[in-house]
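Enquirer: Position chain C against the provided structure of chain F, taking the given hints into account.
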Amino acid sequence: MGSELLFFSETVISGLMAGVMYSLVALGFVLIFKASGIFNFAQGVMCLFAALALYDFLSADGWASQLLGFTIPLWLAIVLTIAVMIVLAWLIERLVLQYLVKQDPIILFMATIGLAYVLEGVGDILFGSDVKPLDIGIPQGASDWALDTMGLYVEKLEVVAAVTAALLVAVLAVFFQRTRIGRALRAVADDHQAALSVGISLRAIWVIVWSVAGIVALVAGIMWGTKSGVQFSLSLIALKALPVLILGGFTSVPGAIVGGLIIGVGEKVAEVYAGPLVGGAIENWFAYMLALAFLLFRPQGLFGERIIERV
Amino acid sequence: MTPERKFGDVILSVEHITLTFGGVLALEDVSFDIRESEIRAIIGPNGAGKSSMLNVINGFYHPQEGQIMYRGATRSKMKPHYAASHGIARTFQNIALFKGMSTLDNIMTGRNTKMKRGLFWQAIRIGPAMTEEIKHRDYVEHIIDFLEIQAIRKTPVGRLPYGMQKRVELGRALAAEPDLLLLDEPMAGMNVEEKEDMCRFILDVNEQFGTTIALIEHDMGVVMDISDRVVVLDYGKKIADGTPDEVRANQDVIDAYLGISQEEVGAVN
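Which chain is which? The protein sequence lines are F and C, in order.
Using my numbering, the letters of the first sequence correspond one by one to residues 1 to 311.
Using my numbering, the letters of the second sequence correspond one by one to residues 1 to 269.
Next up, chain F with everything else stripped away, as it sits in the complex:
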């Protein structure tokens, strides 16, 4: 392989992998948006919260270990963190959502902004605000195989992230499209009253969907935490997920993935090849410009449900 081409491949691959990381966060947004029409501003903080909880369960001086008197194994820590996210989902339904059932989406959106700050505060009080290195044994560093056979630099962590994301999407897509609960989730998003009339319990559906979003947040939190440590700036990756959603469509699970990949690759390629022309830092705004273009020409995104209005 020529060094030009090799360099290009490396750029694209690292873009793809970065894209997968965005997609993981975006997935959580899509889930909640699909099932309740709420844009959940707190999704980024949920990733952070899940990662913090997991770190705390794992560390020797975390309160769980001190309470039990021994360090808990990884699998148990993950199960416990999932339990925490489910309890959190239940609390959110109990304390916030059930009072806002027939309100406008904008009011629910505002509620999630509040929720984001509450969660961030609670996370700070419970776990402290220092950067925590999360290591759950995901391999890191360059893949020797790719380096030896093709001379390509491929980050192992990112491969793991990609495989995990692919699995998650496969399961979620089938779940949404082809099962009773999946249909019930979409039904609730479409029309609360009609959903009630066919016997769907709004409260149960909301707890389920926030739990699933919490579990997806945990996966994203693990990947980001392993990559750059568990830190509070993690909640800001929610902002990068926004253009991903606009590209992929707010209601499409596969769209979240494709959107993430396009943005990941796009910003890396733009940075490397067009960056020098404008003095660099394209990576910071490229995603938003792309999103803006999409809003102008295809507001429902690549895979979103067509926006149909009959008059």
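Don't take each hint at face value.
[Claimed, not checked] Lysine-lysine pairs mimicking DSSO-like chemistry, simulated, CA-CA at most 27 Å apart:
| no. | chain 1 | residue 1 | chain 2 | residue 2 |
| --- | --- | --- | --- | --- |
| 1 | F | Lys102 | C | Lys77 |
| 2 | C | Lys79 | C | Lys114 |
| 3 | C | Lys154 | C | Lys195 |
| 4 | F | Lys227 | F | Lys132 |
| 5 | C | Lys114 | C | Lys154 |
| 6 | C | Lys195 | F | Lys102 |
If you're looking for bench data, these hints aren't it; they were derived computationally from the structure.
Computed from a prediction, not measured in an experiment: that's the story for all the values here.
Expert: Structure of chain C alone, referenced to chain F:
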């Protein structure tokens, strides 16, 4: 006109229902019953409280006074979830379908209360959940055939014309295999042809599935043709209750409802 028909026991009765919104009286001391396998119509001028009555039966509104007896159990209010899982299905005046979903998926949601497999099996969609899905899909196809909507089964319902959407909504309600079907103005806004189709479906449902039907309708002619008994509401009060012929002859009804336009009186007579 209608041949002599035999009805079963009372399946649902509302007793002395009073419903207010703030200071506005929507329903005042309304009582009537619905017998098994009959087509029961609730009619009345605009704002008479017809839709409110349906919403009380299906549990969207909770009356301040009175009670509802359904299948032997008496309660002061229904919950929508309870009503749905105990055999009460409904359609809405302003179609409430899941617009982004296909006809097939919309009707499948009607099977919601019939499907039992838990979240875990659902998530992996193999084994029992798969078998269950196929079984219910079968029933839904049967309904699609019945309503003659094979051609639009994969179309997102948001794109369908109004009359078709009404039909899909009926399909979703039927998918629950209801004991009691509530139809809120099933023929509103339809042209003559669509109305005739809808009438035929309502009669067929009643005949083939033995479903009890309670319907609200504006179109007097249609109501008189297809229903067995009629309740007339006016300003939230019941003013008449009986067979179409009895109701037609009732002076209060003529004053309140038919009296508004000489034309309509002519049409009915």
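Enquirer: If a hint holds in the structure, say so; if it does not, say that too.
Expert: These are the hints, each one checked on the structure:
| no. | hint | in the structure |
| --- | --- | --- |
| 1 | F:Lys102 <-> C:Lys77 | 20 Å, holds |
| 2 | C:Lys79 <-> C:Lys114 | 18 Å, holds |
| 3 | C:Lys154 <-> C:Lys195 | 24 Å, holds |
| 4 | F:Lys227 <-> F:Lys132 | 11 Å, holds |
| 5 | C:Lys114 <-> C:Lys154 | 22 Å, holds |
| 6 | C:Lys195 <-> F:Lys102 | 33 Å, violated |
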